[in-house]
Amino acid sequence: MKFRELSSGRQVEVQLQQQGSTIQARIGGAVAQIGRQLLPDGAMLIEIGAVRVRAFAARAADSIVVSVGPHSFTFVPLKASRGASRSGLANPLVTAPMPGKVLKILVAEGDQVEAGQPLITMEAMKMETTLAAEGAARIKRIPVSEGQMIDAGAVLIELSPLDSSKP
Amino acid sequence: MPRFRTRRINKLLIANRGEIALRIIRTARALGLHTIAVYSEADADSPHLAAAHEAHLIGPAEARHSYLNIQSILDAARAAGADAIHPGYGFLSESPEFARAVDQAGLIFVGPPPQVLAAAGDKVGARQLAQRAGVPVVPGTETADAATARSFAVLTGYPILIKAAAGGGGRGMRVVHDESALDAALQAAGREAQAAFSDGRLFLEKYLTAPRHIEVQILGDAHGRVIAMGERECSLQRRHQKIVEESPAPAISAQMRATIIDAAATLAAAVGYQNAGTVEFLVDGDNFYFLEINARLQVEHPVTELRFDYDLVAAQLAIAARQPLIEPPPPRGHAIECRVYAEDAHNDFRPAGGSVLYLQLPAGPGIRVDTWLAPAIEIGTHYDGLLAKVIAYGADRDEARRRMLAALDEFVLTGVTHTAAFLRDLIASEGFARGEFSTTFVSEFLPDWRPSDETFKAAAILAELAAQSGTAAPARRWNGAGAVSRRRSPWEALGDFSLWSRR
Numbered sequence: 000m001k002f003r004e005l006s007s008g009r010q011v012e013v014q015l016q017q018q019g020s021t022i023q024a025r026i027g028g029a030v031a032q033i034g035r036q037l038l039p040d041g042a043m044l045i046e047i048g049a050v051r052v053r054a055f056a057a058r059a060a061d062s063i064v065v066s067v068g069p070h071s072f073t074f075v076p077l078k079a080s081r082g083a084s085r086s087g088l089a090n091p092l093v094t095a096p097m098p099g100k101v102l103k104i105l106v107a108e109g110d111q112v113e114a115g116q117p118l119i120t121m122e123a124m125k126m127e128t129t130l131a132a133e134g135a136a137r138i139k140r141i142p143v144s145e146g147q148m149i150d151a152g153a154v155l156i157e158l159s160p161l162d163s164s165k166p
Numbered sequence: 000m001p002r003f004r005t006r007r008i009n010k011l012l013i014a015n016r017g018e019i020a021l022r023i024i025r026t027a028r029a030l031g032l033h034t035i036a037v038y039s040e041a042d043a044d045s046p047h048l049a050a051a052h053e054a055h056l057i058g059p060a061e062a063r064h065s066y067l068n069i070q071s072i073l074d075a076a077r078a079a080g081a082d083a084i085h086p087g088y089g090f091l092s093e094s095p096e097f098a099r100a101v102d103q104a105g106l107i108f109v110g111p112p113p114q115v116l117a118a119a120g121d122k123v124g125a126r127q128l129a130q131r132a133g134v135p136v137v138p139g140t141e142t143a144d145a146a147t148a149r150s151f152a153v154l155t156g157y158p159i160l161i162k163a164a165a166g167g168g169g170r171g172m173r174v175v176h177d178e179s180a181l182d183a184a185l186q187a188a189g190r191e192a193q194a195a196f197s198d199g200r201l202f203l204e205k206y207l208t209a210p211r212h213i214e215v216q217i218l219g220d221a222h223g224r225v226i227a228m229g230e231r232e233c234s235l236q237r238r239h240q241k242i243v244e245e246s247p248a249p250a251i252s253a254q255m256r257a258t259i260i261d262a263a264a265t266l267a268a269a270v271g272y273q274n275a276g277t278v279e280f281l282v283d284g285d286n287f288y289f290l291e292i293n294a295r296l297q298v299e300h301p302v303t304e305l306r307f308d309y310d311l312v313a314a315q316l317a318i319a320a321r322q323p324l325i326e327p328p329p330p331r332g333h334a335i336e337c338r339v340y341a342e343d344a345h346n347d348f349r350p351a352g353g354s355v356l357y358l359q360l361p362a363g364p365g366i367r368v369d370t371w372l373a374p375a376i377e378i379g380t381h382y383d384g385l386l387a388k389v390i391a392y393g394a395d396r397d398e399a400r401r402r403m404l405a406a407l408d409e410f411v412l413t414g415v416t417h418t419a420a421f422l423r424d425l426i427a428s429e430g431f432a433r434g435e436f437s438t439t440f441v442s443e444f445l446p447d448w449r450p451s452d453e454t455f456k457a458a459a460i461l462a463e464l465a466a467q468s469g470t471a472a473p474a475r476r477w478n479g480a481g482a483v484s485r486r487r488s489p490w491e492a493l494g495d496f497s498l499w500s501r502r
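Taken in order, these protein sequences are the chains called A and B.
Note that numbering that gives the first Met the number 0 numbers the first sequence so that position 46 is 45, with each residue one more than the last.
Note that numbering that gives the first Met the number 0 numbers the second sequence so that position 77 is 76, with each residue one more than the last.
Any given hint might turn out to be false.
Stated by the list, open to error - SDA-like mimics (lysine to any residue), calculated; alpha carbons at most 25 Å apart, straight line:
no. : chain 1 : residue 1 : chain 2 : residue 2
1   : A       : LYS100    : B       : ASP177
2   : A       : LYS1      : B       : ARG238
3   : A       : LYS103    : B       : ARG238
4   : A       : LYS103    : B       : ALA183
5   : A       : LYS100    : B       : ALA41
6   : A       : LYS1      : B       : ALA466
7   : A       : LYS78     : B       : GLN467
8   : A       : LYS100    : B       : GLY169
9   : A       : LYS100    : B       : LEU185
10  : A       : LYS103    : B       : ALA184
11  : A       : LYS1      : B       : ASP452
12  : A       : LYS100    : B       : ALA183
13  : A       : LYS1      : B       : GLY169
14  : A       : LYS103    : B       : ARG200
15  : A       : LYS103    : B       : LEU181
16  : A       : LYS103    : B       : LEU160
17  : A       : LYS103    : A       : PRO117
18  : A       : LYS103    : B       : ASP452
19  : A       : LYS78     : B       : ARG200
20  : A       : LYS100    : B       : ALA466
21  : A       : LYS100    : B       : PRO59
22  : A       : LYS1      : B       : ASN346
23  : A       : LYS103    : B       : GLN467
24  : A       : LYS1      : B       : ARG449
25  : A       : LYS103    : B       : ARG449
26  : A       : LYS103    : B       : SER451
27  : A       : LYS103    : B       : ASN346
28  : A       : LYS100    : B       : GLU40
29  : A       : LYS100    : A       : ALA60
30  : A       : LYS103    : B       : LEU185
31  : A       : LYS103    : B       : ASP198
32  : A       : LYS103    : B       : GLU453
33  : A       : LYS103    : B       : ARG237
34  : A       : LYS103    : B       : GLU40
Rather than coming from a laboratory, the hints here were simulated on the basis of the structure.
Please build the complete structure, drawing on both the sequences and the hints.
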């Protein structure tokens, strides 16, 4: 399956094969081997290379949360047939990383934005967080308004690729 | 031995939440006190409720209707028959109005008296006080409208720092690097200060580009005795908020250390300081400047506790009961604290939330963990995102550092994005090992930080395993009360890894 890791933005494709007591994984063309042992508390002991580490993974509504030792990751499965590839954008939706309030909308529908351009400012925990465009795109729709309270994961801005909305 | 008229504390209300509520409840219980927890609707499943002898709801999630609601807290105190209130840190801990209201309700406020809180909380007034006491301050102004800011910037040059007059914890603080950003920064800082402290007043300071942040623990009793208990190095910060603290401060001269500790004691005496507090300084080369007095127990107080083998909360309670200060034993060894936050280090330490789906906390010789984490609890984003403080003590800095590394390797928390791995790598860095760093170290270290390829690969493989496991359940499934026992391991449905072990 192909995943996008939310924090780092890294995309990765993984295929697994059982090889005796170890799992062989094909990751981005390379082959990695891991040994694993289920622990009584539901965690797994993972051996990869020289690393032997306690790990845990769980499926949430639309993502998979994974810990490898002190590292935490959130993987979102990427389905080839869905929005992502069709729109040509890594992620056509700007979503709220946390519950909070929409403070300021810095763009308008139809605007053309560049990578890194601030799009929207949110407030949570009395702190302001500004979300920026990950790549060049056009603002397709802004389904929220300033002052609105929103849940984590709420869609704040819909993007479309630059060329698709050109006449 | 002189005798003092003491007051008795039997029933203590803790007007706070999270790890500090648990920390205070532990000492209070050890002293044989009856403990009273308060909580907002968002914290109904929070571990501090069960830790106390009783718990009272004080309002909805929004802090100004609950943890900042003086009337609501006093009502709970009256209902429970409390005779004292410990405010913890943050929330109402430094509010003179709260201290006064507690006093007027006939209860003991475990903290400085209102006039000391007012003197310390007025950042501008505190600067003036320091100047009168002969302690150097960072060049600055006493107001911050756009015109003052422009002329100050012309005088000292950019960058300048905007700060909230009623501030603390980095809120309302903005660095301005050139004039074009000034107006927007003033407005944003004012909004943030207004939201955080109900007081939008600002002032300006020259921004020192790479200072060290060093602070001194102070304690004063009701009989005029004030002592300084060593320093803490707190230069490792993000968003002007500390993430790693240690004591003693590495790489400052014995003379600088003595001078700073003396200055702190002088200032504390000058304000008639009572109870526990902290005097913060910036150190820039051979110069040091007074920054502010934090009139409360600091988040990082365990660093001092481990080095002095001294319970600061017990000291606070004794002082509030008007007992004379008990002299701490001489300090020894080295202590380091790492704050694990529910934040995403990859994205400007953006706040994160979620449910605790798996948890393993560190332990071992010299390791202390102050936390409110527990299996299956919800981590919301209503309040400060501090999840746990991992504190390591060692005979010397190197032992403390190695113990910290081992401890952070043990820290496993699934379900909430957190900063333990970032802290681990920060502590493992050469710059930290050398002890030569300033407040810019975290932002210099951050851009190149990423998990090792092997770690990322392992995580991706686990994601694939979980994706194939067929135990998909909506996240809510794990959120309910008592969910732990019902929760299934995501591996369970792999049934002995049937996927792989078809033989």
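Tested hints:
1. Under the criterion of a C-alpha separation no larger than 25 Å, the hint pairing LYS100 (chain A) with ASP177 (chain B) is inconsistent with the structure, at around 29 Å.
2. With a C-alpha separation of about 34 Å, the suggested pair LYS1 (chain A) and ARG238 (chain B) falls outside the 25 Å cut-off, and the hint is violated.
3. Distance hint between LYS103 (chain A) and ARG238 (chain B) is fulfilled; the C-alpha atoms sit about 20 Å from each other, no more than 25 Å.
4. Using a Cα cut-off of 25 Å, the hinted pair LYS103 (chain A) and ALA183 (chain B) holds, with the two alpha carbons roughly 13 Å apart.
5. For a cut-off of 25 Å, the pair hint linking LYS100 (chain A) to ALA41 (chain B) stands: about 17 Å separates their Cα positions.
6. About 11 Å separates the Cα atoms of LYS1 (chain A) and ALA466 (chain B), which keeps this hinted pair within 25 Å; it holds.
7. Taking the CA atoms of LYS78 (chain A) and GLN467 (chain B), the gap is near 14 Å; set against the 25 Å cutoff, the hint holds.
8. Proposed proximity of LYS100 (chain A) and GLY169 (chain B) is supported: the alpha carbons are some 20 Å apart, at most 25 Å.
9. A hinted pair counts as satisfied when its Cα atoms are at most 25 Å apart, and LYS100 (chain A) with LEU185 (chain B) qualifies at roughly 21 Å.
10. A distance of roughly 15 Å separates the Cα atoms of LYS103 (chain A) and ALA184 (chain B); the hinted pair therefore holds under the 25 Å criterion.
11. This hinted pair checks out: LYS1 (chain A) and ASP452 (chain B) have alpha carbons roughly 17 Å apart, not beyond 25 Å.
12. Simply put, LYS100 (chain A) and ALA183 (chain B) have alpha-carbon atoms about 19 Å apart, close enough for the 25 Å limit, and the pair holds.
13. Of the supplied pair hints, the one linking LYS1 (chain A) and GLY169 (chain B) is violated, its CA atoms being roughly 40 Å apart against a limit of 25 Å.
14. Our distance criterion of 25 Å between C-alpha atoms is met by LYS103 (chain A) and ARG200 (chain B), whose separation comes to about 22 Å.
15. Restraint check: the Cα-Cα separation between LYS103 (chain A) and LEU181 (chain B) comes to about 18 Å, which is no more than 25 Å; the hinted pair holds.
16. At roughly 23 Å between alpha-carbon atoms, LYS103 (chain A) and LEU160 (chain B) fall within 25 Å of each other, so this suggested pair holds.
17. For a cut-off of 25 Å, the pair hint linking LYS103 (chain A) to PRO117 (chain A) stands: about 10 Å separates their Cα positions.
18. Of the pairs offered as hints, the one joining LYS103 (chain A) and ASP452 (chain B) is violated, with about 37 Å between alpha carbons and a cut-off of 25 Å exceeded.
19. For the given pair, LYS78 (chain A) sits about 51 Å from ARG200 (chain B) by alpha-carbon distance, which is inconsistent with the 25 Å threshold.
20. Restraint check for LYS100 (chain A) and ALA466 (chain B): not satisfied, since their Cα atoms lie roughly 32 Å apart, outside the 25 Å limit.
21. Taking the CA atoms of LYS100 (chain A) and PRO59 (chain B), the gap is near 17 Å; set against the 25 Å cutoff, the hint holds.
22. Note on LYS1 (chain A) and ASN346 (chain B): the hinted pairing holds, with a Cα-Cα distance of about 22 Å set against a maximum of 25 Å.
23. Of the pairs offered as hints, the one joining LYS103 (chain A) and GLN467 (chain B) is violated, with about 41 Å between alpha carbons and a cut-off of 25 Å exceeded.
24. Pair hint LYS1 (chain A) plus ARG449 (chain B) holds up; C-alpha atoms about 20 Å apart against a cutoff of 25 Å.
25. Restraint check for LYS103 (chain A) and ARG449 (chain B): not satisfied, since their Cα atoms lie roughly 31 Å apart, outside the 25 Å limit.
26. Simply put, LYS103 (chain A) and SER451 (chain B) have alpha-carbon atoms about 37 Å apart, too far for the 25 Å limit, and the pair is violated.
27. With a CA separation close to 19 Å, the supplied pair LYS103 (chain A) and ASN346 (chain B) stays within the 25 Å bound.
28. A hinted pair counts as satisfied when its Cα atoms are at most 25 Å apart, and LYS100 (chain A) with GLU40 (chain B) qualifies at roughly 19 Å.
29. Restraint check for LYS100 (chain A) and ALA60 (chain A): the C-alpha separation of about 23 Å stays at or below 25 Å, so the hint holds.
30. Restraint check for LYS103 (chain A) and LEU185 (chain B): satisfied, since their Cα atoms lie roughly 16 Å apart, inside the 25 Å limit.
31. Proposed proximity of LYS103 (chain A) and ASP198 (chain B) is supported: the alpha carbons are some 21 Å apart, at most 25 Å.
32. A C-alpha spacing of about 40 Å is found between LYS103 (chain A) and GLU453 (chain B), which places the hinted pair above 25 Å, so the restraint is violated.
33. Under the criterion of a C-alpha separation no larger than 25 Å, the hint pairing LYS103 (chain A) with ARG237 (chain B) is consistent with the structure, at around 24 Å.
34. The hinted pair formed by LYS103 (chain A) and GLU40 (chain B) fails the criterion: a straight-line CA distance of about 28 Å is larger than 25 Å.
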